[in-house]
Structures are given as C-alpha cells and as structure tokens.
Amino acid sequence: MKKRKIMSKLAVPVALALLVQSALPLTLTATEPNPAKGVSIGGFAERAISEAQDAPADGNLLISEKKITLEEAINLVKKHFEIPKEHTKFTSGYNWVNDRETWSLEWVNPKDNGGSFNAQVDVVSGEIIYMSSYAPRDGYLKGDTPKYSYEEAKVIAEKLVKSLLPERMNELQLEAESSQLVPVIGYGYNSHKINWYRVVNGIPFPTNGVSVDVNAYDGTITGYSLKWSKESIPSPAKAIDKVKAQEVFTEKGLLERQYFLKPDVRILDSSAQDEAKNSAKVIYKLSDASFGGMIDALTGEPFKLKAGEWLYSGNGIERGGLGNDGVAAKEELSPQEQAEVDETAKLITQEQAIASLKKWIEIPENLVLRYANLSVNYGYAPQRVWSLDWTSEDGDESGYNSIYATVNAVTGEVLHFNIYSSNQEQGKKSLTRAEAQKIAEDFLKKIQPNRFQQVKYSQLDNGQTYPENQINHDFRYVRIVNDTPVPTNGFNVSVDSKTGKVTAYYMDFASVSFPSLAGILTQAQGENAFLKGRPLELKYVQISKDGKPGEIRLVYEPRMENNSKVSNMIDGTTGEFLDWQGKPIKEQPRPYTFNDIEGNFAEKEIKLLGQAGAFGEYDDKFRPAENITLGSLLRAMFIAKNGVYGVENMSDEDLIKEAQKLGWLQEKLTTKDQLNRELLAKIIIRMLELEKVAQVEGMFQVPYEDAANFSEGSLGYIALVKGLGIMNVEGENFQPKEMVTRAEAAYAIVKGLISR
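So the sequence shown is numbered by my numbering: it starts at 1 and just counts up by one.
Because the hints were derived from the structure by calculation, they are not lab data.
Computed from a predicted model, the values in this text were never measured in an experiment.
There could be a bad hint or two in this list.
Stated by the list, open to error - Okay, the calculated beta carbon distance ranges per label pair:
id	residue 1	residue 2	range
1	Arg756	Gln701	38 to 48 Å
2	Asn113	Arg756	19 to 29 Å
3	Ser232	Gly300	15 to 25 Å
4	Ser163	Ser755	31 to 41 Å
5	Glu648	Lys89	38 to 48 Å
6	Lys583	Glu177	14 to 24 Å
7	Gly550	Gln352	53 to 63 Å
8	Trp310	Lys89	23 to 33 Å
Beta carbons: idealized from backbone N, C-alpha and C, even for Gly.
Working from the sequences, and respecting the hints, build out all of it.
What follows is the structure in structure tokens.
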C-alpha cells in the first residue's frame, strides 16, 4: 500500500513533464465554444497543473508560480477575438522556450481545409502574444475588390490594440503607412498590415512592438503579434551626440565604394553581350562589415558582435526528313540557331573537362560519375559550363563520398568543386587557421596565378576572430578593380583542418567592363548624399546568443522609415538610392495615395487602382480631369488584371505588343494617343473576352439617343458597357467621340473587372 502511494506521487510530475514536452498534449473538443461558460480542462491534467503550481519550482519542466490558467487563457482569447462557430475542434498545448511559458490554443474546422484559428498566451504576463486566423475564401469574396482601405483597417487595428494593451499605448508609435500593394481583384486573402513599434526613453525599439493584419475584403483581423523584451534597457544619458556619430561613420569608412554588377544579364545574343559589358556600376554601399552602418552610441565605436552573437529579429534540334533521293533534307537554320551550332563546336568535350579537373583534385576510383551536363550558366555574363557529379556506390565501406564540380566549357578553367566525405579523419592534430590560409593561398596561386593578384582577403565582419576548432577553415577573397571592391566576384576556398586538403573552391570573375572612376562622387560626397537620405538616428537593438534573447544596446543607425523603400546603396554618380537591381529606388512599385480625388465620382475606383500601384505617373497627384492616353490606360489595365510586378518594366512598345497579342487593341495607335469613349468601350469589352457577343448587334436595343453617331460595328460594345454598368455616362447621349478622362478610365477598368 505504501509503495502504491509513492508511485502515485511520482506519476504527477512525470506526467506533467511529458505534458510540458508535448508528449502528452492537452486536447479538448467542444461542439460550440461558449465564452460565458468557459472551458474546464478537468481530469488528470488539471490536477497535475494544480499540484505543480502549489509545489516549489524544481526545474524548467514545471509550470511557474500560478499566473494564467488554461481556462483563463481560453476566455481571454475569446473575449478579444471572434472565433468562427464552425471551428468546433479545440486543442491546447503548453510551451516553455527560453524561459518563456505560453499556452498554445487552436480551434479548427473539422472539414477538409475548413480553416483554423491559433493563439498563444503568455502564462506569466497574461498577454496574448500571437494570433493567426485562416479561413478558405472560395465563396462570396472570390474575385471581389477590397472593401477596406489602409486608413479603415488602421481604425480596426487600433481598436484591438487599445483593448489588449491599454497600459502600453503610450509606449507605442504607429509606423508610417505601409508600402504594401493590394491588388484590385483578388481572392479574399490580401490584408493590410498595421505596425506599431516600441518607444523607450523617446528612442525607437523597432524589433519590439505590435503588428495587426486586417483583411482588406471583409475587415476581419487575421493576424496579431506582440514582441516585448523583458531585458534591461540602457539609458541614453551617456550616448554620443549625432555629430560625433557622423564623424565615426566617416572616419571608420562604414560607407564603401564598390562596383555593382546587375543581376539580370541573361541572354546570349550579341546585344546582351553589349549589355553585359556595360553592366558594372560604381556605387557607394554600407560595407558588409558595418552591420547596416550601426555605431554603438555608448562606446562611440562601430557596432560589433562577439562570436556566437546575432542581431535579434522579432520580426533557385529538330532533324529533317528524307527527300526522294534518300539524302537527308537540309533545313535552313535561323541565324540564332546557326550561331548556337557554331558556338557549341568550339566547346571542350566531357572527357577534356574531367581531365582539367583532375589536374587539381584526386577523383578516387570508388566514385562513379553519375551526372554530366553541358549547359549555360546564367549570371552576370552567361557562360557555357560542364557540370559533373561523382558519388560512391551504395554499401561502400568508406561511407558516402561525393565530388561535384563545374568547368568552363570554353576555356577549361575549373570554376567550382566541392568534395564531401562522411568519414572524417580522427586523431590528427588540427591545422591552425593561419596554416590553413597558407594552403588556400598556395592553391589559388597555382590554379589562378593572374587572378590571385587581383583579389584581397576578406576579413570577418567587424574584426571578429574566427574559431580555431573548425572541421573546415573557410576563406573569402574579393576581386579588386581600380582600387574598388567587386563584392560578388572573387574566390571562396575551404581547407580540411585535419588533412590539409582543399575540399571546396569557387571562382566568379564576370567578363564585364568596369567604368572608370572619372566623374564619380568623392568619398565625402557619397557619405553626404547617403546620410542626407538616411540620417543617423538613435534606436535600440537586441542581441541574440545561443538562440536566446540577450543584451539590449543603444546604437546610431541610418534611418529606416519604411523597410520596403530602404536601400543600403546609392549611385556613385548621381547619389540616388538604388534597389537590388541597381535601378533608382523611387521607380520601385508602390501604392499611391492621391490627394486630388476627394468627392470625385470615381474616388473609390481610383483609390483601388492607387493601392495596387497603378496611375503613378504624377506621383501623388491623379489629375482626374486630364484626358487619358492609351499608354496610361493599358499600363493600368495590366496592373489591375495581373499585378504591378512585371508591368513596371514594360516599355511603351511592350504595352502595345502585349495588348495586340491579347486582342485588346486592334487599332493602329501609339501610347501617346488619347482615346474616345467608343474606343474605350471596345478595349474594355475585349479585355472581358466578350467581343463575339458584342458583334451580334441584332440582339441589342439602341441604348442612347445619339446611336446614329456610333461608328459601324460599335453598337454592341456600347450596349454591353451600359448594361454592365462599366462606363459612367450621364444623360441620354453617349457622345462616342468625347475624349475619356483619367477618372472615367479608372472607373471603367474597375467596373469592368468586377463585372466578370
């Protein structure tokens, strides 16, 4: 009897430990959750938690002193969020991660793909820290237009945050309006993201704060997250001032002159080769060693991290037939096809590629060539390469071994290889990093003696020291042209610390021309241009070590008002900020909020097109009364129908060709031509693929009194746009030759898409 009692006492903490480790998850099923009644967890789990809360903490597996119970967590979530009544299956779990305890709650619609609602509640603080809701939108919302603007979504989000965090609102600052694009026609999933960041001592703490997602179609809240660090926050009392921070920024060279290579040179014809030759651009960019240009505000030194530390982020030929005489009929090749044949004839064979590789590495006899491929490697400048792959046989006593390599199919140069073995050498003394670096450099001097003279060893960011106890020592050498680094070009080499063999090698030296530095901004001019656009500002950042939130530090960093518009580089000639393609960042797609459309009959439609990224010719002016040009109309139609990405790079010629290919445009016009109501009706009806219907004129009644003025064959188109409510034409006359304004065009585009 005594033995049984002891086992009973042991069972509770053991089972609780399994519960906490998710080996025995709490699972509840309710047919209809009721906030008034709450949910009782009952049974063994409730008793186990109760005993754990009363008992002293004996380890990380036990729930801490009693704070928020599961029942309280459930009722808290149901108080602030509406859980769909169809979500009848409920499960819960307990998590302990990095000294933080949370209840995980999930409501699920038991039907296939019926949707789910998830939430997490902090056990200690009693705050909801996460919520995500998903519901399939294949019903009334499919193909609809957004009903809620960013401003309307902000009101909904703010109401929620005030109810959840009333005491923290004075520490939160609403971020500037999001640059998120919302399509004109969607499927009910697009949301507006409203963000607040934490402010401490009047200083932003961007990785702390609140984020709310509001569905743009029905106004429901689909996401919520709270990040609020508990660690001590340093006082700014002893921080250096902004002037001193700017001095450090310039003296320590945190902005670096570089050559930038455009990543989009991918075509093999001669024009692309010309483009490749001109694809290098001189830029000024925050150096890779600068952690985004950060300066420690208390030490006055560039921001540094120790080994193992990270900045904490809360937030991939047809053959002819035979002629009558039995001789293969020769078909004429196109110039491009003939050029391809001629080019291929100059390439080395597979055997020659392997022979080139064997000059530098040993290929063991037990490895079998599994793959060989000759193809074009697209990059900054395309090149033909042999790709070769060897692996060991299954059951090989030496374990799994492999070699993968690429060889330039024109020059025979080894571009890259990687040697892997599952069996590591044991017992040998490891090489020091200095010894391994000498091996790496001796190898580079042999395999690429001329190019080795054109590179510089790249130290680890911020002068951190590399650990000595590495399986492989890795080294990076950056290409230097005109005393200017080309960060994406150079060598990577890995040396096995036990065997001293080079196990990995990678070379990238783009065949492009590099412009001279004549006319380039000086270092001081570059720094002034950069800091004018992104002045240094105080902020708090948090360090992460071993996966856990750590020390909070005060830094100066170039301003980051809107992440999607932030760039770390400027044009070396103009000082303009550039995007990842080297194009002016101001040309990036973005939503537009027009300030001259209030009260216009098409205000709603114009707003929808603006938030989708259309009609940005005049920035935040729409000019509703101005006559529309064909180019503006077509670009807006493509954006409204397919989204802005891909359209922003289309030239005027591309717009015309694509519209003709789709059958939207059958008239001979230029993008600068204005269009009348009759032509607009035809283009919209063609976009809707209703032209065949429009051409059956006998089925339509005359919709306007001035039908006699319609061009031949136009009646059906005009009748359709009137019947579908696509064009805003008041009165009894259509006035087919009247020029269309930008407001009228915006109205017709949106109404046309909705009518589908």
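Hint by hint, here is what the structure shows:
no.	hint	verdict
1	Arg756 / Gln701: 38 to 48 Å	violated (23 Å)
2	Asn113 / Arg756: 19 to 29 Å	holds (25 Å)
3	Ser232 / Gly300: 15 to 25 Å	holds (21 Å)
4	Ser163 / Ser755: 31 to 41 Å	holds (40 Å)
5	Glu648 / Lys89: 38 to 48 Å	holds (45 Å)
6	Lys583 / Glu177: 14 to 24 Å	holds (23 Å)
7	Gly550 / Gln352: 53 to 63 Å	holds (54 Å)
8	Trp310 / Lys89: 23 to 33 Å	violated (38 Å)
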